[in-house]
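As they're listed, the protein sequences go chains B and D. Residue numbering for the first sequence follows the working numbering, starting at 403 and increasing by one per position. Residue numbering for the second sequence follows the working numbering, starting at 715 and increasing by one per position.
Hints are not guaranteed to be accurate.
[What the hints assert, rightly or not] In the SDA-like style, the derived pairs of lysine to any residue whose C-alpha atoms are separated by at most 25 Å in a straight line are:
#1 D:Lys918 / B:Gln1052
#2 B:Lys485 / D:Leu935
#3 D:Lys918 / B:Thr518
#4 B:Lys485 / D:Glu908
#5 B:Lys414 / B:His472
#6 D:Lys1049 / D:Ile866
#7 B:Lys1042 / B:Gln1052
#8 B:Lys485 / D:Gln942
Calculated from the structure, these hints are not laboratory results.
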Amino acid sequence: MLLVDILAQPDKTLTNELLSLSQLRAAGYNPSVSYEATEPLLQAQAYGLSKYKEPGEEAANTLIVLNANHLADDRAERIRNLKLCDNADVLLSAPDLDVNSHISLKNKYAIITGRTVSYLPSVTAGEAKHCATVSCGAPLNNLSNTKVPLCVLSPNISEDNQIWALQALSIDKQFDLRIITTGEGKQRLRGLLGNAPKIFHYSELSAVDLSCAQGILVVGQAPKKNSIAQAILMNSFVNGSVTINCSNAQLPPIDSAAVVGPHDLVHLPGYLQTSILPSLQILQEKSRQAIKPHLHSLQNVLAPMLGEPERSRAEDTSRTGEKKILFVPTNGVGLGHAQRCSIVASELHQQSMVNFAAFPSCIPMLTRYGFDTVPLVSRSAQLATPYANDLVNYHRIAANLNKGDTLVFDGGYVFDSIYRNIYEKQLHAIWIRRGLWQNTQNNSVALDREKAFNKVIVPLEALDALNQTISTGDHVYEVGPIAQHLELDVSQQQQIRARLAQQFQTPFRKLVVSMLGGGVAADRSAQLNTLCSYFEQQNDILHLVVIWPTAQVNPALYTWQNTKIVKTHHALPLIKSCDLLVSAVGYNTFHDVLYNAIPTLFVPQMASFMDDQAARATTASEAGLALDVEPTDFESLTYKIDEGLCPQTQASLTSALQSFNLPERGNQAAAEIISGAHNEHQ
Amino acid sequence: MLKEDILLVVDPRFPGGTSTAFAAEIDALKQNYTVAVCYTRASMFKGRPDNPAVLEAVERHKLPVYENQRPLSCRNIVLHNPVFLKFDSSFNQRFACQNLFVICHENLCTPQGDWGFNAAACFHLIERATIAQNYYIAPISPGNREGVEHAIHFLDRRWQILKFDWFNKCHFELLPPTQSPSDRRGRHSRPGHEKFPNTSAMAKLFPPHAQYCGILGSDSLGETFEQQSNVELLPFGTMAVAQFLQKFDFFIYYVNPMWQESFGRVLAEATAAGKLVITEHRLAKTFNNTVASAEIDDVDQLIEHYVNNPSAYQAQVIKAQSYLHNFSDASFLSKLNGVIA
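Work out the full structure, taking the sequences as your base and the hints as a guide.
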């Protein structure tokens, strides 16, 4: 067992330490990590460190100490108490030390651990000397890709024309381009180029996940002291990428293997076309010959000290076996995302491979649909940090996926748990992303993370005026609206109504169903009370308030005579049997209404983080397909109810709905895209 | 050329053993020789005060002191503990002499054969500062000598190892051993990790079945003996050593296997106080194996033997005490005379 102990450096991020760990892991080692934080971890650090198990009862046969020179008394005591095998090797990683400090530190550790101590090798790279875990390359997985992987590392983007050159590369379909730069640089590039190019900042993912295998690495500016850039350079080099040096500096230790490229990126597209692409394989071979990559391979350097690795990242992905499809719907205001996923999942051929990971409120519904579901943890103010739940979800999702599996995400915000797992597990990722985002929403983070997905499925709105283009590209697939359809003839509807009258012992002539939503988005009790109060005076009406089984009910609702509460996941038979539906205007219900021709009064639910329900309501109303009322217009609400229950209005709405030319539903098309992508990825 | 026979060179700020040994050496040398002192200050002890033991000894004998004066020429120059130069890239002194003795209070090598410090660089600085006819490296004990013998292969060929050990001078009053030894054990040392073997070894050396276990300088032991009521843990400096030694009959002294004592003065002190010393084999060599030595696993058995045989106990202590005269001033002077007479 390999144990890595990290000694904290005051006022320093854990950049190099996390880098070393991820490189080690990619090289096939599976370290446990012992670290005592002296200050609260930043979010990225917490995710990064959480991937490594804490030392358990098993004694380590190798101990690596990172930042070994930061040895205070309390830390010495901690290291002294680590469980080590009698013949354990102790390896130190420390920055450049003078000879005496070098000797003295080694002897100190020998005394503390009672074991023979040596140093991890370090190599001069750029302007700094880095430990092998940074200055040697780790193996990457060579994913099959019809495009040539092209990574532009640290481009000089001080001038706009350099940025336009990058844009030219990003639209060249021969390349799968990723640009790696600083946080500031990323912001500037996105400001000018939008979300189309895949732009990453150095710490966005691990160097392993950012590196480029069997492709082309263009170095805009030499890494100098940037250890992450250095690791990306070395990872790409040892994994067979041609390195093109467009900087005006050398690239130790592999400078002789690099090809000199244009300093001005404006010439880069032409240079790649004429000088690199025609002889890419020859150049890759020359690069291998110019300098032996194995000398810079982390596995080769470490094997004499750590033994052969248990497995490498590349080997890991080559495992065969049935690949899973994991659906991960977020829980928005209601269960819409989960319901949409379940509709699509039901259409898949590979039913036996489908699983869900979902929040507790969705689980009963998904279980009823017959899907095995891993519970995720909801966000809560009770937790220590705002991301504490997502950190758990990150591991739960990871534990339920193997490398190369397919992940289908449905939600508006791509959580870290999703984003990181896609890269770390090298998943085939598909995003079901319905549109109609509000103009006032800031979706820049969500859209930035679109680059992680191989495919984006956009379920269209049935009413074309509501469709909007959020992003474009070969990876974006528009499908018809994802909606349920239920065949229910008049006699079946009558049976349902008769059963309701019997069950609630309330004979009625007209049936009204309310599905106003609620929960975190808005308090709908005022609207519900208005409705209940109104129906209390109508002796021939049964009013059903239909909610999810997991929703909370205001006890006061049970006091109404003509209003009954129904908790169900199967609202469609009820709303298809009613005379009037009073409903919020979420994507799913809206399309259920349209595709099942249900006379409806829409009462939109509005919150800044939701889709634009008001737009749906208004558009449907203007098309004569439904009635609508402002959520705060209580006076009009009852008038609209009356109007909706008027036989002429009902006839008009039903007729309009039945005759409206709706696009074909996209349930099957979405399933085919997922299924096809999944098969293609096997 | 100084008129004195011997010029002693030292950084007067050495804490602990080196300064104590230096002061004792002045007392010894003054019996036969005229002595002068040169204080030289290196970066290793920057900001630390002079050691009172050195100052008092120099003052007591009214020795002439040279500082910031160069070159200094004397027939014999004795430079104590070259480790003080380890953080320096130059040595701002110039010496000329017939015999240069560099006393290795600090082990040059670890038991594993690695450098204890960058000794090669320190010796190189001394070489560049000195013109001498004979360049002697003086070990202070057999164990210390092993490191010197290993290190000399990496030093300039001018260096030769002194034939005798430049040992610590011990002037302890000899106390008789107890007539009825019991399983009462103790040890004292500075509290550093290097002074202690690992936790499981300590647990074997100071087991629950012992009548009493006392550890003076226990600061770094943490929770090792938390559950053991027979163990008295005393932080360093909280009790006079003579008083502490009265609490037990067996002085059990083992150190971290990755480190070794240069001399082992505490063993001489315990032996003089009438305690039966049990230690590791390599440290017993300093005392010509007159103190008992054993593997850690055999210590219990050895103690049981001596508890059951008080006469054997007394014979063992007296044997060890009788060897202590080898660390006397007279013994030292007679050996030194052979070289510098």
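Hint by hint, which ones does this structure get wrong, listed from lowest number up? 1
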